[in-house]
Amino acid sequence: MKSIIESSVYLVIMALICIISLDFIFINKSICKGQELQQYIKDTITIHANSSPSHDIDNLTYHKINNLAMQYNSSIDLEYFDTVNNYDYYNVTIMYPVKSGIFNIEKMCSFSSIVSVIKETG
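Residues 7 to 128, numbered by the working numbering, are exactly what the sequence shown covers, in order.
Simulated from the structure, these hints should not be mistaken for laboratory data. Each hint should be verified, as a subset may be incorrect.
[Claimed, not checked] Subject to a maximum C-alpha distance of 30 Å in a straight line, what follows is the list of computed DSS-like cross-link-like pairs (lysine-lysine):
| no. | residue 1 | residue 2 |
| --- | --- | --- |
| 1 | Lys113 | Lys48 |
| 2 | Lys35 | Lys113 |
| 3 | Lys105 | Lys35 |
| 4 | Lys70 | Lys113 |
| 5 | Lys70 | Lys39 |
[Claimed, not checked] What follows is a list of derived Cβ distance ranges for each label pair:
| no. | residue 1 | residue 2 | range |
| --- | --- | --- | --- |
| 6 | Gln45 | Ile19 | 35 to 41 Å |
| 7 | Leu17 | Cys115 | 34 to 40 Å |
| 8 | His69 | Tyr93 | 18 to 24 Å |
| 9 | Val15 | Gln45 | 43 to 49 Å |
| 10 | Asp88 | Leu66 | 22 to 28 Å |
| 11 | Gln77 | Glu112 | 17 to 23 Å |
| 12 | Thr89 | Leu66 | 18 to 24 Å |
| 13 | Asn91 | Ser60 | 15 to 21 Å |
| 14 | Gly107 | Met76 | 21 to 27 Å |
| 15 | Ser13 | Thr52 | 55 to 61 Å |
| 16 | Ile31 | Tyr68 | 30 to 36 Å |
| 17 | Asn91 | Ile23 | 52 to 58 Å |
| 18 | Ile23 | Asp62 | 49 to 55 Å |
| 19 | Thr52 | Val18 | 47 to 53 Å |
It should be emphasised that the depicted structure is a prediction, and the values quoted were computed from it without experimental measurement. C-beta: ideal position from N, C-alpha, C; glycine also.
Please take these sequences and the hints and turn them into a complete structure.
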């Protein structure tokens, strides 16, 4: 009888360890998705965006990155930072969610970066 109870306790402990490990995997997955989103948005802005003389990014690129962020339940804040030669620099802040089921964590992580955008002349 003792071996059955002992085996059952070990089985329950192993099940808890597996469940907690899976939750850590899901947390790591959401962080990786956030990092992918950050890099993709930075690259999209750098490659496709043009800045107007009033320091606004073109609407096509702005809508593209906003739609992408909405797909990942994220938000983007884009504000003008500085101008150097033919480039405008923008401060990009991306907020993305990190969730955990077991530990009841639902946190919005932020990432800030500066991206360069070609300035339209005219």
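The hints, checked one at a time:
1. Lys113 with Lys48: holds (22 Å)
2. Lys35 with Lys113: holds (14 Å)
3. Lys105 with Lys35: Within the cut-off at roughly 10 Å; holds.
4. Lys70 with Lys113: holds (25 Å)
5. Lys70 with Lys39: It holds: about 18 Å lies between the C-alpha atoms, which stays within 30 Å.
6. Gln45 with Ile19: 35 to 41 Å: About 39 Å separates the Cβ atoms of Gln45 and Ile19, which means 35 to 41 Å holds.
7. Leu17 with Cys115: 34 to 40 Å: Roughly 36 Å apart at Cβ, these two residues keep to the hinted range, so it holds.
8. His69 with Tyr93: 18 to 24 Å: holds (22 Å)
9. Val15 with Gln45: 43 to 49 Å: holds (46 Å)
10. Asp88 with Leu66: 22 to 28 Å: Holds, since Asp88 and Leu66 (Cβ atoms, about 23 Å apart) stay within the stated range.
11. Gln77 with Glu112: 17 to 23 Å: holds (18 Å)
12. Thr89 with Leu66: 18 to 24 Å: holds (21 Å)
13. Asn91 with Ser60: 15 to 21 Å: holds (18 Å)
14. Gly107 with Met76: 21 to 27 Å: holds (23 Å)
15. Ser13 with Thr52: 55 to 61 Å: Holds - the Cβ-Cβ distance for Ser13 and Thr52, about 58 Å, lies within 55 to 61 Å.
16. Ile31 with Tyr68: 30 to 36 Å: holds (34 Å)
17. Asn91 with Ile23: 52 to 58 Å: holds (57 Å)
18. Ile23 with Asp62: 49 to 55 Å: This hint holds: roughly 52 Å between Cβ atoms.
19. Thr52 with Val18: 47 to 53 Å: holds (52 Å)
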